[in-house]
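Q: All chains, please: the whole structure from these sequences, using the hints.
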Amino acid sequence: MAGEKSLVLLDFWVSPFGQRCRIALAEKGLEYEYSEQELLGTKSDLLLRSNPVHKKIPVLLHAGRPVNESLVILNYLDEAFPASPPLLPADPYARAQARFWAAYSDKVYEVGTRLWKLKGDAHGQAKKEMAEVLANLDGELGDKAFFSGDEFGFVDVALVPFAPWLPSYEKYGEFSVKEKWPRLDAWARRCGERESVAKSLHPPEKVDEFITLLKKHYGIE
Amino acid sequence: MAGEKKGLVLLDYWVSPFGQRCRIGLAEKGLEYEYSEQELLGDRSELLLRSNPVHKAVPVLLHDGRPVCESLLILHYLDEAFPNSPPLLPADPYARAQARFWAAYSDKVYEVGTRLWKLRGEEQARARDDMVEVLGNLDGELGDKAFFAGEAFGFVDLAVAPFTPWLPSYGRYGGFSVEREWPRLAAWARRCAGRESVAKSLQPPEKVDEYINVLKKHCGIND
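Chains A and B, in that order, are what the protein sequence lines are. If you're matching positions, the first sequence starts at 1 in my numbering and goes up one per residue. If you're matching positions, the second sequence starts at 1 in my numbering and goes up one per residue.
Honestly, the hints are just simulated from the structure, not real lab data. Virtual Cβ for every residue (Gly too), placed ideally from N, Cα, C. Check each hint, because a few of them may be wrong.
[Said to hold, decoys possible] A partial selection of chain B residues facing chain A, derived with a Cβ cut-off under 10 Å:
#1 L40
#2 H63
#3 F82
[Said to hold, decoys possible] Derived list of chain B stretches under chain A, where covered just means 3 residues or more per stretch with a C-beta under 8 Å from a C-beta of chain A:
#4 68-76
#5 101-115
A: Put into structure tokens, the structure is as follows:
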């Protein structure tokens, strides 16, 4: 069947996890079909069949076979397409560090979600945790241009999709990334200049609109 | 840094299933290492805090003094840093992706299991429902195979096996029997326990149950 060898990405326009994959595919120069999925309404048969355990995007279909979880997809792209520019570094220890920080960056979204969803003590706890997460990331970045040094790489791909969410998190969390972690702020702008990133991310205003939509969906004031 | 130890050191805790994943992995690969029991309920050691400042958790693998954290990352690292030892992950990229997915998913057994013994009432009931879903998914993925990837013991088996001594306790708190509800999973657990690397690394269910009681006291849970 024509296109059996091809790549299809089941995704959702504003999903930062999907955007990780879009950025990776662009960085690696890989062609793929983007398939927008319904998430707030009824999920498609294809999605449910491809990811029966989590029923979530992103899902990468390669010759029809599904790969689930954004970071698993990123690892897979490096391994299935070894001739394309690698996302991960070559050295085993550097790879372990990259995987650690990429996985850790999930916390920005986890904790950020609690920031806009919760009130009272739970909200206060989320504020504390967000400060800790961003401080850890800022500390790991240090004075480097990108997380692994001079080159845009795995950790940058994993973390940058959360950048457009930060202004909203700042609003709900009452903090300023530029003030407290200026290096992280500069890094986000640096990444934003990269074509693969610019083409994959949505502006903060659209993300904030989406959060407002989600709040309505969950019945949150 | 002065006194940087050469070779492999595993910062671990006797009953930690995440640490046991690493112990099994090291044994399967025939790699020598120093086991370093850490204090977790009391004060954490300087070495642990320095090696894992973000999570302050075990396991941590030190290789010539450099720390690698998170059990599944440690297993990946062992494969990549010691390419001449028997690989834990399969060679094929798609098989590797499946193995990574299910190994990471199996963390849920511990997450949900912890909620089962910690919580009561409605929250405990929700944890029970979640555990039934998780074990059902694992059982479904195993199917009628001897091991998760087929005929041979592999990455997913290694990742999931350390949770098996916790299942009798989870079953008691959740009011289910793994043997009855998911006999294939129960048989698989026994099959894994017959493997030397696993048998040497795991604690018996009675010791795990004792430990859960210690944790309950530590958390101020009195029933």
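Q: Looking at the structure, which of the earlier hints fail to hold?
A: Of the numbered hints given earlier, the structure breaks just one, which is hint 1.
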